[in-house]
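Participant: Each protein sequence line maps, in turn, to chains A and B. Residue numbers for the first sequence, in our numbering: 1 to 439. Residue numbers for the second sequence, in our numbering: 1001 to 1337.
Honestly, I wouldn't trust all of these hints.
With a straight-line Cα cutoff of 25 Å, these simulated DMTMM-like cross-link-like pairs (lysine to aspartate or glutamate) come out [to be verified]:
1) A:Lys265 with A:Asp248
2) A:Lys231 with B:Glu1105
3) A:Lys274 with A:Asp335
4) A:Lys190 with B:Glu1190
5) A:Lys276 with A:Asp172
6) A:Lys427 with B:Asp1197
7) A:Lys420 with B:Glu1190
8) A:Lys254 with B:Asp1197
9) A:Lys254 with B:Asp1188
10) A:Lys420 with B:Glu1105
11) A:Lys428 with B:Glu1105
12) A:Lys265 with B:Glu1190
13) A:Lys395 with B:Asp1197
14) A:Lys276 with B:Asp1172
15) A:Lys167 with A:Glu184
16) A:Lys428 with B:Asp1098
17) A:Lys274 with B:Asp1182
18) A:Lys197 with B:Glu1190
19) A:Lys231 with B:Asp1098
20) A:Lys274 with B:Glu1190
21) A:Lys420 with B:Asp1197
22) A:Lys290 with B:Asp1172
23) A:Lys149 with B:Glu1190
24) A:Lys428 with B:Glu1285
25) A:Lys276 with B:Asp1081
26) A:Lys254 with B:Glu1285
27) A:Lys427 with B:Asp1098
28) A:Lys420 with B:Asp1188
29) A:Lys427 with B:Glu1105
Simulated from the structure, these hints should not be mistaken for laboratory data.
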Amino acid sequence: MRRSRARNAVTVTLAAAMTAVTAACGGGSSTDGEGSNDNPKELTYWASNQGTSLAHDKRVLTPELKRFEKQTGIKVKLEVIPWDSLLDRILAATSSGQGPDVLNIGNTWSASLQATGALLPWNKKNLAKVGGAERFTPSALAAAGAPQKDPAALPLYSLAYGLYYNKKMFKDAGIDGPPATWDELVKDGKKLTGDGKYGIAVEGGDPVENSHHAFILGKQHGADFFDPSGKATFDSPGAVKAIKQYVDLIASEKIASSGNAEYAKDESVRDFAKGKAGMLMWQAAANGLKANGMKPDEYGVAPIPVQARGSGEKGTRSMVAGINLAVFKNSDNIDGAVKFAKFMTSDKEQRLLNETYGSIPPVKSAQTGKAFETPDLKVLRDVLTSSSAPLPQVKDESKFETLVGNATKELFADAAAGRKVTSESVKKELSAAQQQMRK
Amino acid sequence: MTTLSPPPGTAGPTAPEAAPAGNGPSLPRRRRILPDRLRRAGLPYLLLLPALVLEILIHLAPMVVGVVMSFKELTQQYIRDWGAAPWIGADNFRIAVDVNAPVGEALLHSFLVTCAFTVLAVSFAWLLGVTAAILMQESFRGRGVLRALFLTPYALPVYTAVITWSFLLQRDGGMVNHVIHDQLGLTDTEPFWLIGDNSFVALVVVAVWRTWPFAFLILMAALQNIPKELYEAAQVDGAGIWQQIRRITLPSLSPVNQVLVLVLFLWTFNDFNVPYILFGKSAPEAADLVSIHIYQSSFVTWDFGSGSAMSVLLLLFLLVVTGCYLLATGAGRKRDV
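One chain only, chain A, in its complex shape (with noise of 0.2 Å):
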């Protein structure tokens, strides 16, 4: 008798608790709703870090906030997350349904996160709200989500790559200008190197930065990294040739330090503003060379160099760099997340935004304006407009980053080790990557 009291209050307990895990799982989540405007008064908003620190963006982005609550009567609770944290947040807030209403997101993750089907789609109705599709430079709302479908954001701060050149480096060794060719740029990085000076700095233990290069120097060989039915073609030719051109500016043309394989935390940046260095390639480093000490009329900007003068994608200079604005599809202030992003993407707020965070303004009208007329600026500003592309926009565009980004880190790492990188051992190491994608 007392054994099976025993037994059954084992039972009940269990059964309880199960019932309790079974309805806090719940085969899932309950975040299948469109949203609602049952918390009209309020919006949460994750902002990345765009500025030099946290609180430099707590600094820039309240004083909007309050403006927006002045006008719509809704107050904006602000968190601005790191970038090495955000992906994971974002991943975290979507399986769990609890997240921000309004958040932003790095432009290469688009179609990768619009799969996930949390955010809310901008298709015509929703874009009519914050002025229409045409108000966005079309390549920027390009690389907000996959080919054929509404975009899973708006573009709210645009950015490309340009190659920064020290003037003071260049004219000391009789260099006339930046180089418009890759032959060129090695011809000119032979010149700079020596004395404990390199031709050019590289962020080799960077993955994300690694692939944009990989990337960029792949459609100039004609490679793409997945097929039109977004299957994997990570080790084509053009894409063997395009990561050896760049593991060889360490590897065999030696114009970058080998201590550059190992860079991940904006050295590169630090190398060039302190003269170690006199070229990098990098999007929009106004505000990283400043904080280093390097004035703007020390340095110069030109567009990526291409292996020969043309035009088409094998004239491409630069991914379609920036951030993204979107809108989770489960808000309960779905009206207000729609007049937030209607405000970030206001021809005011995009103008001050982007002049302090020193990018370009995604929204056509708000181009215009002393802080974008910069040397700099205006050359990225040409190559987003005129040489640039999207980052592949399909679902495995994130594991493209990491798996070629990985495979040219490592690569970097036997160039930095004295070992040979042949044509061979990077095909070898972009196989390996692409049987990783084994779906």
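Take the given structure of chain A and dock chain B to it, following the hints.
Facilitator: Coordinates of chain B only, in the frame set by chain A:
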């Protein structure tokens, strides 16, 4: 006077029956017996209930969820509703253990790196801990300061400590290379520590630095319990310091060591913080621990099903190793007895 309670010391179902019959009204025996029995039978379970519920919620439920996930093709498309992800049976496991294909090969490599890392890190941490604990038994001037210093790595927040190591280990401008290359001239060139093969050495060094104070702390406490008379008697018998350590100290520490080594093994094998802070989301191949490998599969390449399968395999491995270890150490105790 009739008492309603059984006399002290009387327990069990016989107690009410043993109550003396008095002059008062007869007691409703069944009513008294049942609540009493129920209370006795159910109370332990009732007291266990909160712990049981929490155990189920915190440990068992996530484990069950993880196992279910490992049988699904769970990508970002389904993370909002993982229950709807397609069931693919043992595919994730098959791919994870297929060492002739890239995914399995990478996992095996990562597993072997983790095994080597664990053996080295635990051995060195234990060795340092036991040595320091024995040395700190003797009273000398400055012992308190040294003890506090030894415990510093354990007391520091892990992020602060490991990020400082990452600065020290930088190839250009890092203090480690400054000392071994520039000042002591021990190497021809400045070695890399955060990429390439040396990253494994860097990982072991930082993990040992971080872990050994725990071993030191536990062993120091255990040493306090060894009776001094044993050493005095040994000295009288002419035993030297090594003999005392071998014959008295280490055997006396054995029960503590058994638990300590197991805890260090589990912590080190699953260590995520040290490699993540030292190398970021993408560890070099030479230092690609299983914990980081699983994190990458799940949260960087967004293949949560595959990551779950790898976690389940890791859990099974740790269960088997822990079981064997407990059996082995348990048998040892029996022999001692």
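Participant: Next step is simple, just say for each hint if it's right about the structure.
Facilitator: Okay, the hints, checked on the actual structure:
no., hint, result
1, A:Lys265 with A:Asp248, "holds (21 Å)"
2, A:Lys231 with B:Glu1105, "holds (22 Å)"
3, A:Lys274 with A:Asp335, "violated (48 Å)"
4, A:Lys190 with B:Glu1190, "holds (23 Å)"
5, A:Lys276 with A:Asp172, "holds (14 Å)"
6, A:Lys427 with B:Asp1197, "holds (21 Å)"
7, A:Lys420 with B:Glu1190, "holds (19 Å)"
8, A:Lys254 with B:Asp1197, "holds (21 Å)"
9, A:Lys254 with B:Asp1188, "holds (19 Å)"
10, A:Lys420 with B:Glu1105, "holds (23 Å)"
11, A:Lys428 with B:Glu1105, "holds (14 Å)"
12, A:Lys265 with B:Glu1190, "holds (20 Å)"
13, A:Lys395 with B:Asp1197, "violated (33 Å)"
14, A:Lys276 with B:Asp1172, "holds (12 Å)"
15, A:Lys167 with A:Glu184, "holds (16 Å)"
16, A:Lys428 with B:Asp1098, "holds (19 Å)"
17, A:Lys274 with B:Asp1182, "holds (22 Å)"
18, A:Lys197 with B:Glu1190, "holds (17 Å)"
19, A:Lys231 with B:Asp1098, "holds (22 Å)"
20, A:Lys274 with B:Glu1190, "holds (21 Å)"
21, A:Lys420 with B:Asp1197, "holds (15 Å)"
22, A:Lys290 with B:Asp1172, "holds (22 Å)"
23, A:Lys149 with B:Glu1190, "violated (51 Å)"
24, A:Lys428 with B:Glu1285, "holds (15 Å)"
25, A:Lys276 with B:Asp1081, "violated (51 Å)"
26, A:Lys254 with B:Glu1285, "holds (24 Å)"
27, A:Lys427 with B:Asp1098, "holds (22 Å)"
28, A:Lys420 with B:Asp1188, "holds (20 Å)"
29, A:Lys427 with B:Glu1105, "holds (18 Å)"
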